[in-house]
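Just so you know, the sequences run in chain order A and B. Position one of the first sequence corresponds to residue 1 (the working numbering), numbered consecutively onward. Position one of the second sequence corresponds to residue 1001 (the working numbering), numbered consecutively onward.
Each hint can be trusted.
Below, computed lysine-lysine pairings styled on DSBU-like, alpha-carbon distance capped at 35 Å:
| id | chain 1 | residue 1 | chain 2 | residue 2 |
| --- | --- | --- | --- | --- |
| 1 | B | LYS1184 | A | LYS114 |
| 2 | A | LYS114 | B | LYS1128 |
| 3 | B | LYS1139 | A | LYS271 |
| 4 | B | LYS1158 | B | LYS1190 |
| 5 | B | LYS1170 | B | LYS1184 |
| 6 | A | LYS93 | B | LYS1182 |
| 7 | B | LYS1158 | B | LYS1182 |
| 8 | B | LYS1013 | A | LYS93 |
| 9 | A | LYS211 | B | LYS1176 |
| 10 | B | LYS1151 | B | LYS1190 |
| 11 | B | LYS1169 | A | LYS211 |
| 12 | A | LYS211 | B | LYS1154 |
| 13 | A | LYS271 | B | LYS1176 |
| 14 | A | LYS211 | B | LYS1120 |
| 15 | A | LYS26 | B | LYS1139 |
| 16 | A | LYS26 | B | LYS1169 |
| 17 | B | LYS1190 | A | LYS116 |
By construction, these hints were calculated from the structure, which means they are not laboratory data. Quantities reported herein were computed from a predicted structural model and do not represent experimental measurements.
Here's the letter readout for the chains.
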Amino acid sequence: MSINKLAYYPGCPSDGTAVDQDMSTKAVFEKLGVELVEVEDWNCCGAAEVEDPRVVYALNARNLAIAEKEDLDIVTPCSICYYNLERSNKALKADEALCTKLKGIDSSLDYGGKIKTKHVLDVFVNDIGMDEISSKLEKKVNVKVAPYYGCYIGRPPETAFDDPDNPVLMDKLIELIGGEIVPNFNYMKTVCCGGPLMMTRGDIAFDMARKILDVAKNAGADCISLACPLCGMMLDGKQADIEKALGITIGMPVVYITQLLGLALGIEPNKLGLNKNAVDTKEILGKVV
Amino acid sequence: MPIKTWELDPNFKNEIMGEAGGERLASCFQCSTCTLGCPITEIVPSYNPRKIIQMSLLGMRKEVLSNPDLWVCLICQTCTARCPQDVRIADVLSAIRRIAEREEEAGNLKIDSHRPLFDKAFQHQLEKYGRLYDIGLAKEYYPKKEGSFIKGMKAMMKDYKDFGMRMFKKGKMGPKAMLAPKVKGRAVIKKIFKEMGEE
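Assemble the whole structure, with the sequences as input and the hints as a guide.
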């Protein structure tokens, strides 16, 4: 294993609706022997709501510069944060005029283009590696999983680190820990959960999330696994609202991949926030042997 | 709908291509891959990114900028990933939305969507605190969307009462979430919006 320390960018939902993702990410990295140093005084990446790319680049120049001072690459568990950090990193490395302009706005935006930005999935599979993870496994997570990747892992091409139509990094981890990938879910792996429209067109967002939940259920999944807090909010947090609004019953547990991986590494379920998922996860815990 | 050539704005495509993200508009050869793979088109059949691009290239400025379908794009990037001409459709749509917002602010257009209000409210939280503050966002967005504070709070309760209780019970929405985050460097964030933003 080549890395032992990374800058950690938690993202805005990390102390609220996605605290379970934050807890499990920290616990898993600790168990894997990688120290996470939180990007000090980090600011929001711009999410999907700041549409002007120049503002996104400037917001993230500050985050990147803070990590660069520590001489650490950044890792984040959120797909949207990853997309914004990585595209900013690319733009800033390529555009000297932009960097000069930002430096003129404030010295804290002075980023030298020396670090990398990564998503946790990429770090687990490609940096830490399957052999290293495998050597630390303590338990078998014997569950049938629908691996849901969402948008920014395989798209857009310049920031993607997995296949756009059939990503596999999460599948690999699930198989490694003794889980089974359900058949017939592949075509839903990267279809958007509807999250960005939740506040303005909830009807469309609910319809989109429902499709994913339905396909996972029909495929016989014990749970859906995720790598993004907005997907978590839609599929887990809002699942009861979707059931109520559409007059249906789903009852599909939804967990972060870091929670599943943590179980396999022998970490206490409560330390992984598994008592905080909106849909009960007890049945999954019963399948950890 | 007949297109009246004398009402077209031949400069509209240049206006879009002058926006960050809009540069690749003119590469489109109208294959429709964007639209065929769009998860929104499946739910909202009138949503047709290929058509929005063609209308933009033709100069149908008014029709494009006032099209409510502009605001149902999820920015999921499926179109961008599949486009054989690298048009970067999601970014082009975003550039068009920003032009529409400026036109609305200038009083030339009424946008038929709450999304600009939401995006603005979100950005205001960032400017103020440096991070997202959910409660501040809801308190700004709902009253604006509903037209009054009371109506806004009622609508917010309707949408979020159950969700809030659920999150509270799971320890995801405690007293900490009630307080606004305060990034120490928030003065810099304010400067970023002032110097780089369009407002």
